[in-house]
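**Q** Chain by chain, the residues run as shown.
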Amino acid sequence: MKIKKNIAVSENGFVFDPTTGDSYSLNEIGTEFLNLMKAGKSKEKIQKEIMNKYDVDEITFEKSFHDFIKMLATYQLIEDHEEK
Amino acid sequence: MEKLRFERPIIKRIETGMPNKFGTKTEYDPISHIDGVAVADLIKKYGSPLFVVSEKTIRKTFNDAKRSFYTRYPRVQFAWSYKTNYLDAVCRVFHDEGSWAEVVSGFEYDKAIRNGVKGDKIIFNGPDKSEADLEKAAKNGSMIHLDHFDELYTLIELAEKKNLKPKVAVRVNMDTGIYPSWDRFGFNYENGEAWDAINRIMLNKKLELVGLHTHIGTYILSVKSYGIAASKLSYLASEIEKKYGHAIKYIDMGGGFASKNTLKGAYLPGTDTCPSFDEYAESITSGIINSEIKPENLPFLILESGRALIDDAGYIIGTTLANKRLPDGRRSMIIDVGVNLLFTSFWYEHKITPAHAFTQHTEDTTIFGPLCMNIDVIRQNISFPVLKKGDQFVISKVGAYNMTQWLQFITLRPKIVLIDLKKGVHIIRESETAENFIRMEKTPEHLTSRQE
Numbered sequence: 001m002k003i004k005k006n007i008a009v010s011e012n013g014f015v016f017d018p019t020t021g022d023s024y025s026l027n028e029i030g031t032e033f034l035n036l037m038k039a040g041k042s043k044e045k046i047q048k049e050i051m052n053k054y055d056v057d058e059i060t061f062e063k064s065f066h067d068f069i070k071m072l073a074t075y076q077l078i079e080d081h082e083e084k
Numbered sequence: 001m002e003k004l005r006f007e008r009p010i011i012k013r014i015e016t017g018m019p020n021k022f023g024t025k026t027e028y029d030p031i032s033h034i035d036g037v038a039v040a041d042l043i044k045k046y047g048s049p050l051f052v053v054s055e056k057t058i059r060k061t062f063n064d065a066k067r068s069f070y071t072r073y074p075r076v077q078f079a080w081s082y083k084t085n086y087l088d089a090v091c092r093v094f095h096d097e098g099s100w101a102e103v104v105s106g107f108e109y110d111k112a113i114r115n116g117v118k119g120d121k122i123i124f125n126g127p128d129k130s131e132a133d134l135e136k137a138a139k140n141g142s143m144i145h146l147d148h149f150d151e152l153y154t155l156i157e158l159a160e161k162k163n164l165k166p167k168v169a170v171r172v173n174m175d176t177g178i179y180p181s182w183d184r185f186g187f188n189y190e191n192g193e194a195w196d197a198i199n200r201i202m203l204n205k206k207l208e209l210v211g212l213h214t215h216i217g218t219y220i221l222s223v224k225s226y227g228i229a230a231s232k233l234s235y236l237a238s239e240i241e242k243k244y245g246h247a248i249k250y251i252d253m254g255g256g257f258a259s260k261n262t263l264k265g266a267y268l269p270g271t272d273t274c275p276s277f278d279e280y281a282e283s284i285t286s287g288i289i290n291s292e293i294k295p296e297n298l299p300f301l302i303l304e305s306g307r308a309l310i311d312d313a314g315y316i317i318g319t320t321l322a323n324k325r326l327p328d329g330r331r332s333m334i335i336d337v338g339v340n341l342l343f344t345s346f347w348y349e350h351k352i353t354p355a356h357a358f359t360q361h362t363e364d365t366t367i368f369g370p371l372c373m374n375i376d377v378i379r380q381n382i383s384f385p386v387l388k389k390g391d392q393f394v395i396s397k398v399g400a401y402n403m404t405q406w407l408q409f410i411t412l413r414p415k416i417v418l419i420d421l422k423k424g425v426h427i428i429r430e431s432e433t434a435e436n437f438i439r440m441e442k443t444p445e446h447l448t449s450r451q452e
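Protein chains in written order, with this note's numbering: chain A, 1 to 84; chain B, 1 to 452.
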């Protein structure tokens with residue numbers, strides 16, 4: 001899955017999509033997820049980083065990750081939502 | 001290094017200028033304790049979901065209401081509306097505060113007697129009183145509020161047969177300028193039916209007319225309507241005084257005061273729109289005091305308020321079962337409290353608050369109950385903090401009607417606990433077990449003998 005290249009993510013969790021003009025807000029973990037994805041990291045790498053930093057088990061991470069991807073797809077912020 | 005607390009990642013579209021049916025965020029602080037007792041501890045010990053009743057809040061609310069009326073009128077009596085919440089423990093708190101009992105069935109009548117209320121302190125309302133109920137109430141000197149002529153004549157017959165003189169009041173329905181106007185109970189004021197009932201009682205002499213009663217509706221936001229109702233009943237009382245030289249002992253204004261819950265579709269929260277006890281009291285007592293009733297015959301003012309006295313004292317606490325996405329991206333949250341327990345969620349936007357700390361982020365959410373029924377919706381649209389499976393929450397202001405109108409449906413009903421004034425927790429109703437229901441069912445023999 002790839003995040004649209006042209007979207008802008010601010011440090012404090014605001015997203016701007018210049019294609020549609022829509023803005024979005026993220027919570028802290030959402031910001032982390034999006035930045036890691038934008039940096040092109042794989043799901044495995046994202047999982048490792050998040051699990052190192054936050055008190056979260058594998059299943060909760062898995063559920064949260066898929067839910068987040070689904071929301072990005074709903075808002076059409078990913079170019080290709082097939083997982084690789 | 002200690003790891004940071006994980007919250008589900010969320011992304012939310014920012015919409016400006018457009019009103020949103022989910023509204024704005026309403027929850028800012030968690031409710032981690034009720035009357036000093038931790039929600040987590042209550043769930044751990046008594047299970048989830050769990051109804052919690054605060055004795056402190058009952059007593060405080062009752063005394064607030066009492067003060068509002070006592071400071072405006074010399075003779076006031078509250079009668080606890082059993083149907084609003086007839087858990088014995090709850091009723092006994094109200095009786096301990098000086099409330100009489102207001103009942104609407106033989107079942108409730110017997111409950112009041114078992115709760116130690118003397119017969120002459122019971123008001124018997126409702127359209128369904130059996131002959132046995134009427135005889136018992138008449139013998140006990142209870143106040144029987146007549147609902148229809150059939151009841152009036154049944155009671156007259158009974159009085160003759162058993163040589164009794166039952167104490168009665170006429171329930172009056174009337175136009176007070178509100179919609180809907182409740183006209184199914186009692187006798188109508190405007191078309192003269194109420195006068196007809198009064199005349200028949202006064203001329204027959206088998207019954208003792210002690211009061212006049214009305215109950216104009218429920219969740220009434222217009223205090224003026226109470227003033228109109230009080231004036232109309234007072235007018236009847238003063239006319240009875242003139243015509244028969246008979247002084248009515250009491251005027252019963254019923255209940256119907258709104259609680260601070262928010263009605264579905266309301267723009268502003270109930271906490272901002274519901275009148276205070278002072279406002280209701282001012283309107284009602286002015287209606288009576290300004291009437292032509294002679295000062296020496298000033299009747300008792302009886303109030304049967306239920307909802308406004310108990311709603312704030314009731315909570316239901318529970319646990320998040322799951323989160324899922326609906327096709328339009330909306331979040332749906334499934335909790336272990338369904339409409340079978342929270343009947344009032346059909347008409348209120350209940351306040352639901354996480355029991356633990358949460359961030360400022362919210363998602364547009366629909367909160368469903370656990371029942372496999374499409375109608376099991378606790379909140380249709382709410383901008384709600386991010387909870388995960390296992391997180392606990394508190395639903396506030398659920399003391400009225402839920403613990404009497406709840407249903408055993410699909411699942412069994414949970415325990416109810418009362419927190420006393422010293423933070424002691426008492427089970428006041430046990431959770432149901434399968435045995436409760438097995439005991440009541442009977443299977444015909446031809447079905448029990450069948451073997452697979």
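No wet-lab data here; the hints were simulated from the structure. Keep in mind the model is a prediction, meaning the values are calculated, not measured. Heads up, some of the hints might be wrong.
Unchecked claim - Computed spacing ranges between beta-carbons, pair by pair:
#, chain 1, residue 1, chain 2, residue 2, range
1, A, 55, B, 431, 30 to 38 Å
2, B, 329, A, 52, 50 to 58 Å
3, B, 224, A, 60, 50 to 58 Å
4, A, 22, B, 424, 52 to 60 Å
5, B, 374, A, 79, 30 to 38 Å
6, B, 375, A, 22, 30 to 38 Å
7, A, 55, B, 14, 52 to 60 Å
8, A, 10, B, 47, 27 to 35 Å
9, A, 19, B, 433, 17 to 25 Å
10, B, 421, A, 21, 54 to 62 Å
11, B, 375, A, 45, 38 to 46 Å
12, A, 41, B, 424, 28 to 36 Å
13, B, 441, A, 14, 54 to 62 Å
14, A, 10, B, 63, 27 to 35 Å
Idealized CB from N, CA, C, for every residue including glycine.
**Q** Any of the earlier hints contradicted here, and which numbers?
**A** 2, 7, 8, 9, 12, 14
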